[in-house]
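Peer 1: So the chains spell out like this:
Number of protein chains: 2
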Amino acid sequence: MSQTAAPDYSYAGEKVERVALAATDVRFDDRGLIPAVVQQVGTGEVLMVAWMNEESLRLTLTTGTTWFWSRSRQELWNKGATSGNMQKVVRVLVDCDADTLVIEVDSPGPACHTGHRSCFFRELVADENTTPSAGV
Amino acid sequence: MSQTAAPDYSYAGEKVERVALAATDVRFDDRGLIPAVVQQVGTGEVLMVAWMNEESLRLTLTTGTTWFWSRSRQELWNKGATSGNMQKVVRVLVDCDADTLVIEVDSPGPACHTGHRSCFFRELVADENTTPSAGV
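Same order as they appear, the protein sequences are chains R and X.
When you line the first sequence up against the working numbering, it's residues 1 to 136, in that order.
When you line the second sequence up against the working numbering, it's residues 1 to 136, in that order.
Hints are not guaranteed to be accurate.
Identical chains share a label here; the pair holds if one copy fits it or two copies do between them.
Stated by the list, open to error - Pairs of lysine to aspartate or glutamate, DMTMM-like flavour, derived with a Cα cap of 20 Å: (1) Lys15 to Glu123; (2) Lys88 to Glu55; (3) Lys88 to Asp30; (4) Lys15 to Asp97; (5) Lys15 to Glu55.
Since the hints were made in silico from the structure, they are not lab data.
Kindly produce the complete structure, drawing on both the sequences and the hints.
Peer 2: In structure tokens:
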């Protein structure tokens, strides 16, 4: 019975294995960064995707709020420290080849700097569907 | 009443704006790639994160299945073409600064090459939580 695991220890209907940061070869890219998908727990909404370096990942794991590396400002960034829209970390998941993270959070407020709940508020469609007379 | 939009045109509880590929300045990185979060429609499970170049994005928008750029093989990759676990594209979302995608799909089969439903089957924890006697 693979579905008897407690909800906290399953994802996508399968049991989740716990691995320690020190025992995991997390693969940061040549800039020292790893993409982090921030997902609202419960609803599954993808709120944003941002980048972490090793220090921000460690802070995220130990402080219970999300920390990222701002590529534009070249500094650590504690999400919501200014706006008040902090994200409470529920769980950090790492993928099969350890080069991407999913951060499950509880984010009561908006996650996007535009004020939207999610940064993904636009649907991208093939040109012909919306610009039939554009004469591409 | 912001919640009267049809489900197909909302995400994270907000109305989704449709934008055409040709009218959107999608920002590929210096390798010509953009990260794509693949999410199961309905459940919200993040199945995988992979990379798209401009051609794979266009193919994903026009063929109705997911196409990625394999960084290791340096070639286009139609997900599931070999394994049979194709992903049917429901919607492509682009974020506020147009440098990340969410691909909503219907993926009946596993998405991970390990056979897992999702590539995110491991929880990453701070060292002290799982290795209390490791003497770090």
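Peer 1: Does each hint fit the structure? Answer for all of them.
Peer 2: Outcome of the hint check:
no., hint, result
1, Lys15 to Glu123, "between (32 Å within a copy, 10 Å between copies)"
2, Lys88 to Glu55, "within (18 Å within a copy, 37 Å between copies)"
3, Lys88 to Asp30, "neither (29 Å within a copy, 33 Å between copies)"
4, Lys15 to Asp97, "within (18 Å within a copy, 35 Å between copies)"
5, Lys15 to Glu55, "neither (28 Å within a copy, 36 Å between copies)"
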